[in-house]
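Residue numbers (the numbering used here), protein chains in the order written: chain H, -7 to 301; chain Z, 687 to 929.
Check the hints yourself; a few may be wrong.
As the list claims (entries may be wrong) - Straight-line C-alpha distance at most 30 Å; calculated BS3-like pairs for lysine-lysine:
| # | chain 1 | residue 1 | chain 2 | residue 2 |
| --- | --- | --- | --- | --- |
| 1 | H | K276 | H | K171 |
| 2 | H | K117 | Z | K695 |
| 3 | Z | K695 | H | K129 |
| 4 | H | K119 | Z | K705 |
| 5 | H | K62 | Z | K922 |
| 6 | H | K122 | Z | K695 |
| 7 | Z | K700 | H | K120 |
| 8 | Z | K695 | H | K119 |
| 9 | H | K56 | Z | K922 |
What the hints assert, rightly or not - Sample of chain H residues with no beta-carbon within 12 Å of chain Z, all distances over it, derived:
| # | residue |
| --- | --- |
| 10 | S0 |
| 11 | L8 |
| 12 | T97 |
| 13 | R163 |
| 14 | E215 |
| 15 | S224 |
| 16 | A256 |
| 17 | K261 |
| 18 | D268 |
| 19 | Y270 |
| 20 | N285 |
Since the hints were derived computationally from the structure, they do not count as laboratory data. For glycine and all other residues, C-beta sits at the position ideal for the given N, C-alpha and C.
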Amino acid sequence: MEAIITLSNVSKSFQLQQVVKNLSLTIPKGSLYGFLGPNGAGKTTTMRILVGLIEADEGEILFKGKNIKKWRKSLFNHVGCFIDSPSYYPNLTAYENLAYIQKITDKPLAEVDRVLNVTGIYYAKDKKVKNFSMGMKQRLGLAFAMLNDPDILILDEPTNGLDPEGIHEIRNFLINLCKNEGKTIFVSSHNLAEIEMMADYIALINQGKLIYDGKLEDVLISEEYIVKVKQSEEVIQMLTNSGLDVTRLKDNKFSFKADQYKMAVINKKMAEKNIDVYELTPRKRTLEEIFLNLTKTDNPLKKEVGLYE
Amino acid sequence: MSSFINIGKVEFQKIGSFKLILLIIISALITFGLSLSFILYKKEYLLSEGLMEIQSIISISAYFATFTLAIFSAINWYYLISFENKNGTWSILLTKPISKFKLLMTKHTLHLVMYIAFNILYTTASFILLIIMNIEFNISEFLKLQFIFFLVAITIPYSQLLFHLMVKNGLLAFSLTIIILFFFLIKDIIPDIFAMFIPLLNVDNVWIDIKNTRIITLYCIESILYGVIIFLISIKNNYYTYE
Ligand SMILES: Nc1ncnc2c1ncn2[C@@H]1O[C@H](COP(=O)(O)OP(=O)(O)OP(=O)(O)O)[C@@H](O)[C@H]1O
Ligand SMILES: [Mg+2]
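Looking at chain H on its own, in the form it has when it is part of the complex (with noise of 0.2 Å):
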């Protein structure tokens, strides 16, 4: 695993609130790396001390093992982003918006063309941008960063304002990009489901501090299963045989707590005993469970994968 980008203890204070506290990370080069964090975790923050456009108090940034400061121009040509709310001069079109930062930084216009068909607002080249919606500003956000083909991708909340479809659009864009295309994409939300369907990687920080770090799947083991059979009694009495703690639901459905491996014994015997299994899902967990999960001294995944304190 190859670290494109590393944050080494990075702490930022406003007044008297810290706001991100001793935070370390380290981003692999070709991954897709969710931010999780709650409202005010501090995400939106980090993400301007990475890009440089506030300082931190404290703490290293390298972008390729290179010092940001020390570069700060020519690394632009490498990273895109779009953090904020999306920012525009609103009596140009977006055309021209777009054309103007590729003529003051000397780039190709062609690029403008390719950006604005690749983010879905083509269309609506040659509108003020001051008359788009919400969704078309954020997309036109999106053109911004695209601008030139920047093999790393720094994005803050990007879909937020976008409509279901939207969402769908942005994300295998998003996917392919990655998957495809080699990039590395840095993506901040606070909408763990959204997240869990494109990211290799996570980070979840709550007020400012680092909870979890590492691969989405390592954080996703889920803990409790529910269950539909049509001989529910039979399986419900050699689960609690097992030892384990049965919750019955409606219509021949019960849920359970067991881990990923004694998931599997359980099947093997419902196998054996020729049961009829309508429905087996692992329960999803939301963000804040997770949270909580994780928060929890005495829970077994934080030894396991290495929890921070």
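Starting from the structure of chain H, add chain Z with the ligands where the hints point.
Relative to chain H, chain Z with the ligands alone:
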């Protein structure tokens, strides 16, 4: 260098070249109109006091020019600096491969170009004024006076720039820079000894000692230094703002 001129051109287009050219022309016309009306209104007085001569007439038109220049520059800086604050576009500009220094140099150069354009039109207006009023004058002296104005009046836009740097709310900054005008109106109640040290008032002070070359030179140097210092502050300034 070519890319530098290019950026200036692009910046000019972004703000709206037509709007800016119109602004320069209107500012010069208003200066001309105000000066002419004032001189016609006070004609008797000026004649009886022997003030119908080049230095008095130029100082009158310079007085009005300070006001139009203040409004003109306030609008300029608003578009060059505060407009970016208002739109939040610094976050884009500062995360693209262009140096902040180059970006600000372009903005200053553009401002300077507008300032020069204003001065050229204003000089033309003063010239016409002198011709209309039938005043005899030596062209080189006339140009010297206009050049002194050009150098000392630079303190007006650069004082205004300070507001745009300090106040992140674009419209508020703009309003504050207009308030600068009151400094000129209340200048008479500020004791001369203090007024002498307010660079902003140089453009007014300079006419008092217009015959003393040494003092004039000092005023000019001081004004330029003042401009340079604020220019340097503007390069160092942290522009990125957010809610
Ligand atoms: N300039 C500032 N001055 C004071 N406090 C600030 C400033 N910027 C951010 N904060 C505080 O820092 C904390 C983290 O804010 P941040 O915007 O980074 O959160 P976030 O994780 O992006 O939240 P969201 O999901 O709502 O976007 C908040 O409590 C916020 O009030
Ligand atoms: Mg945020």
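Hints, verified against the model:
no.: 1; hint: H:K276 / H:K171; result: holds (25 Å)
no.: 2; hint: H:K117 / Z:K695; result: holds (22 Å)
no.: 3; hint: Z:K695 / H:K129; result: holds (26 Å)
no.: 4; hint: H:K119 / Z:K705; result: holds (20 Å)
no.: 5; hint: H:K62 / Z:K922; result: holds (16 Å)
no.: 6; hint: H:K122 / Z:K695; result: holds (23 Å)
no.: 7; hint: Z:K700 / H:K120; result: holds (13 Å)
no.: 8; hint: Z:K695 / H:K119; result: holds (22 Å)
no.: 9; hint: H:K56 / Z:K922; result: holds (27 Å)
no.: 10; hint: S0; result: holds (22 Å)
no.: 11; hint: L8; result: holds (19 Å)
no.: 12; hint: T97; result: violated (5 Å)
no.: 13; hint: R163; result: holds (23 Å)
no.: 14; hint: E215; result: holds (39 Å)
no.: 15; hint: S224; result: holds (55 Å)
no.: 16; hint: A256; result: holds (48 Å)
no.: 17; hint: K261; result: holds (57 Å)
no.: 18; hint: D268; result: holds (58 Å)
no.: 19; hint: Y270; result: holds (51 Å)
no.: 20; hint: N285; result: holds (33 Å)
Checked against the numbered hints given earlier, the structure breaks only hint 12 and satisfies all the rest.
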